[in-house]
Amino acid sequence: MGESENSYAIQMQGVTKRFPGVVANQAVDLSVERGHVHALLGENGAGKSTLMNVLAGLYQQDEGQICIFGEPVNIQSPKDAIELGIGMVHQHFMLVESLTVAENVILGLYPTGLVINERKVKQELRDLADSYHLNVDLDAYIWQLSVGEQQRVEILKLLYRGAKILILDEPTAVLTPQESDQLIDILHKMASEGKTIIFITHKLHEVMDFSDRVSVLRDGEMIDTRVTSQTTKNELAKLMVGREVLFNFQERAHERGDVVLKVENLKALSDKGLPALKGVSLEVRAGEIVAVAGVAGNGQRELAEAITGLRRVQDGRIWIRGVDITKKNPWQVIKAGLSFIPGDRIGRGLVPNLPISDNLVMKVYRKPPISNGPFIDYQRVEGFSERLVDAFNIITPSVKTNARLLSGGNQQKVVLAREIDASSGALVAVNPSRGLDIGATEAVRKTLLEQRDQGAAILLISGELEEVMQLADRIFVIYEGEFMGELDREEAAVEEIGLMMAGEKRERRTDEISQSSGGQ
Amino acid sequence: MNEAMIVSLLTITIRAGVSLLYATLGEIFTERSGILNLGVEGIMMTGAATAFAVAFHSDSAWLGLGVAMLVGAMMSFTHAFLTITLRADQVVTGLALTLFGTGLASFMGQRLGPGGETMVGLQGPVFPRIPIPVLEDIPILGPSMFNQDVLAYALYLLLPLMWFYLRKTQPGLHLRAVGDNPAAADVLGVPVKLSRYLYTIFGGCLMGVAGAHLSMAYLQGWAQNITGGRGWIAIALVIFATWDPLRAAVGALLFGGINALQFRLQAAGTTIPSSFLNMMPYFFTILVLVLITWGEAVRKRLGAPAALGIPYIREEKH
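Chains as they are written, first to last, in this note's numbering: chain A, 1 to 520; chain B, 1001 to 1318.
In case anyone wonders, no lab produced these hints; they're calculated from the structure. Note that the coordinates shown come from a computational prediction; the quantities given were computed from them, not determined experimentally. Errors might be hidden in some of the hints.
Here are some of the chain B residues that sit facing chain A, going by a computed Cβ distance under 7 Å [unchecked claim]: (1) Asp1089; (2) Leu1166; (3) Lys1168; (4) Thr1169; (5) Ala1177; (6) Asn1181; (7) Val1187; (8) Leu1188; (9) Gly1189; (10) Thr1242.
Below, a list of computed lysine to any residue pairs in the SDA-like style, where the Cα atoms sit at most 20 Å apart [said to hold, decoys possible]: (11) B:Lys1168 / A:Val115; (12) B:Lys1193 / A:Glu118; (13) A:Lys79 / B:Lys1168; (14) A:Lys272 / B:Gln1123; (15) A:Lys272 / B:Ile1239; (16) A:Lys120 / B:Ile1313; (17) A:Lys189 / A:Arg218; (18) B:Lys1168 / A:Arg119; (19) A:Lys79 / B:Leu1194; (20) B:Lys1168 / A:Glu491; (21) A:Lys272 / A:Glu255; (22) A:Lys367 / A:Lys327; (23) B:Lys1168 / A:Pro111; (24) A:Lys327 / A:Glu255; (25) A:Lys446 / A:Glu255; (26) A:Lys278 / A:Glu504; (27) A:Lys120 / B:Arg1167; (28) A:Lys203 / A:Gly162; (29) B:Lys1193 / A:Leu109; (30) A:Lys79 / B:Thr1242; (31) B:Lys1168 / A:Gly113; (32) B:Lys1168 / A:Trp331; (33) A:Lys120 / B:Lys1168; (34) A:Lys446 / A:Lys327; (35) A:Lys272 / B:Thr1242; (36) B:Lys1168 / B:Tyr1156; (37) A:Lys272 / B:Arg1167; (38) B:Lys1193 / A:Leu58; (39) A:Lys122 / B:Ile1239; (40) A:Lys122 / B:Tyr1312.
From the three backbone atoms N, C-alpha and C, an ideal C-beta is built for every residue, glycine too.
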């Protein structure tokens, strides 16, 4: 019984993985005990996913040894990994949208030979799903499922293949707090049945809430492994970032001014032609940040696009400082004074293959002093860019460097610099710190707060509750294209927002009814 | 309209629909695997020419059919090699294949007759219509459905088989996965490239059969531009059928019906110009495409293979 003698499910020793020009993992040691929930903590780019992809067979290490249940192994492909009982749920799910749940699970296997015996397969799957409380409709098509349900399908897929070690890459990034709780229950259930769970995260509270051990990676190196119950958030943060981190921003008293952005009963369709915004109304005053919180895909994108003129407005009105910008094109909206930080940095925020300088002048190149009639004065462009690079602390070899070569944090700073510099005090920001590490996140959020203190009206559309709680003065929660309610930050509790994100309408107080019924 | 007229109309409808349906089924299986093959017209045309030439010289319709399938397989293998292995653009490659095929077929038509002369006007072996005893006695449907050639009968069997394969078998499931999310299929050990090769080649065989049916059963002879755009109609039918074999049969019959009606009207001495009637199938093709692909949203809901036309590359992210 070689298995029972060794209490480690995974032992990685001196694992090094290089990519051209980068060392993603440098001599990493990692031991994971059987039946444990083990967190792998680190900032973006710390090498967590790479290390796990080595285990899952997508990458092969350049140096180092791996033992699974005490046996030295050589993992060449995902197939090898699954044969060793290792399965991974990737951040981007590997599911075939046009197939049903059951079909996705049996893909690549021949559980009943050539012809699929649906009844038998489904019975097996149902038993398996029930035993782990994986609640999912086997006949549903993947495209009909919520992200949380899709995640359960991925887990079911691994369990069906007999995985004993499950690796989850940032599993809660896309879930509501309630869905996260469900996932945690499932993970604990699996651990208690002897499965070993590794989850990758950069959220400290998750580590604290549901791991037994935690290993911290920084810059591709293993910093330390701790017993979770014997460590603290602050200690972990320090290990992860390499310095002390501020969790609470200094609160400065600020005054709210006039209404800058006003949206009334806005309706718009999604790309699929279905109603995505079902009549939402809000106001943002000068000197305040109003957040729209919610799980991705509930109309946030459509809201941002409708306001900025990128999406057709079906019904409703939008004003900036009293100027009607409904159904105006993006250029007219920009001229009305609205700045926009899109959720998709690479796709919409930047032209990745152009230099930083060109990206920075993209909003001002039509006007003097940057342009002189039809001609662009490139000397001025350079001067202008250098000023912004300094002001916003963008780390780059030069302003001529192509935007795609910057790190995510610096790319976002380029977008911020351009939008804030051209801003007339009205800003729409979508997930401004998504995918950024702690340092860059701090910088971006501080910039937004500074702007607010200087009197900007900011509409923050974010799926990150932490960000919303940190920045917003008022919070709207959006669910399926409708606002579930409005909260002041002081009175907002994460649990309540979580419920609203899952579609629970807020109990209206009497004094609010007269106010909000006007918009309907 | 009396019974005889209905029977004759139905008979022509089915006869005209057979080659369309073979070509459409071939394209459905190809596209299901994620490969768009716009070479249908060229493959059909070359299939028709080789089938007729081989049959004429060997006096064997079956040998002609076999060679047409082989030619279809070879031409679609070329497409597969270029688009799957070399990752050439599928649209451009398919169009090139059609240009090549129509040119080659036209050349063969001029030179593969007796003594290196033209094949136009020659009488060759055909797949005759064979009435099936008992079944042909069913009123109306009997004489129209069960008095057809052997290729039509083969379709009657093939259709449910194909539907079953796609919907109920493990390889069929893998085919659908490969065309929709090859990365997901690959991770689970489904051989993406091999599948794409096999279904593209299989699809090409069916397109070859479609051509053979034209020159040896429906039109019974060789003529320049014998396919007359049927390959393109087949590609439209794939969308009309939403990649489903059974619905493809409905579509093929519909277009076969338009064809039949056009013959009827001409025979009845209508005053509508024949060019206008000839235009009808193509006009309906455009109409169907417009109605069916109204907006990308509709296309997605229809179940187009999500990875259609996109080469699959397994590589590392960095």
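Results of checking the hints against the structure:
1. Asp1089: violated, 21 Å
2. Leu1166: Nearest chain A Cβ about 11 Å off; hint violated.
3. Lys1168: With Cβ-Cβ at 6 Å, under 7 Å, it holds.
4. Thr1169: Result: holds, 5 Å to nearest chain A Cβ.
5. Ala1177: Cβ of B:Ala1177 sits 5 Å from chain A, so the hint holds.
6. Asn1181: holds, 4 Å
7. Val1187: holds, 5 Å
8. Leu1188: holds, 3 Å
9. Gly1189: holds, 4 Å
10. Thr1242: At 11 Å from the nearest chain A Cβ, B:Thr1242 fails the 7 Å test, so the hint is violated.
11. B:Lys1168 / A:Val115: Given pair B:Lys1168, A:Val115 holds - Cα atoms ~6 Å apart, limit 20 Å.
12. B:Lys1193 / A:Glu118: Violated - the C-alpha atoms of A:Glu118 and B:Lys1193 are around 27 Å apart, more than 20 Å.
13. A:Lys79 / B:Lys1168: violated, 25 Å
14. A:Lys272 / B:Gln1123: Violated: A:Lys272 and B:Gln1123 sit about 55 Å apart, past 20 Å.
15. A:Lys272 / B:Ile1239: Holds, because 18 Å separates the two Cα atoms, which is no more than 20 Å.
16. A:Lys120 / B:Ile1313: Given that 20 Å is the threshold and the Cα spacing comes to 35 Å, the pair is violated.
17. A:Lys189 / A:Arg218: Not satisfied, since the Cα-Cα distance of roughly 30 Å exceeds 20 Å.
18. B:Lys1168 / A:Arg119: holds, 12 Å
19. A:Lys79 / B:Leu1194: This hinted pair holds, its Cα atoms lying about 17 Å apart.
20. B:Lys1168 / A:Glu491: violated, 55 Å
21. A:Lys272 / A:Glu255: Violated - the C-alpha atoms of A:Glu255 and A:Lys272 are around 41 Å apart, more than 20 Å.
22. A:Lys367 / A:Lys327: Outside the cut-off at roughly 24 Å; violated.
23. B:Lys1168 / A:Pro111: OK: B:Lys1168 and A:Pro111 at ~13 Å, within 20 Å.
24. A:Lys327 / A:Glu255: violated, 31 Å
25. A:Lys446 / A:Glu255: Judged against 20 Å, a Cα distance of about 18 Å means the pair holds.
26. A:Lys278 / A:Glu504: With a Cα-Cα distance of about 16 Å, the restraint between A:Lys278 and A:Glu504 holds, given a limit of 20 Å.
27. A:Lys120 / B:Arg1167: holds, 16 Å
28. A:Lys203 / A:Gly162: Roughly 29 Å between the alpha carbons, so the hint for A:Lys203 and A:Gly162 is violated.
29. B:Lys1193 / A:Leu109: Holds, at about 18 Å.
30. A:Lys79 / B:Thr1242: The hint is violated at about 33 Å.
31. B:Lys1168 / A:Gly113: Given pair B:Lys1168, A:Gly113 holds - Cα atoms ~11 Å apart, limit 20 Å.
32. B:Lys1168 / A:Trp331: violated, 53 Å
33. A:Lys120 / B:Lys1168: Satisfied, since the Cα-Cα distance of roughly 13 Å is no more than 20 Å.
34. A:Lys446 / A:Lys327: Answer violated: A:Lys446 to A:Lys327 is near 33 Å, above 20 Å.
35. A:Lys272 / B:Thr1242: holds, 18 Å
36. B:Lys1168 / B:Tyr1156: Between B:Lys1168 and B:Tyr1156 the Cα gap is close to 19 Å, so the pair holds against 20 Å.
37. A:Lys272 / B:Arg1167: Not satisfied, since the Cα-Cα distance of roughly 26 Å exceeds 20 Å.
38. B:Lys1193 / A:Leu58: holds, 18 Å
39. A:Lys122 / B:Ile1239: Measuring from Cα to Cα gives roughly 31 Å; hence the hint is violated.
40. A:Lys122 / B:Tyr1312: Not OK: A:Lys122 and B:Tyr1312 at ~31 Å, beyond 20 Å, violated.
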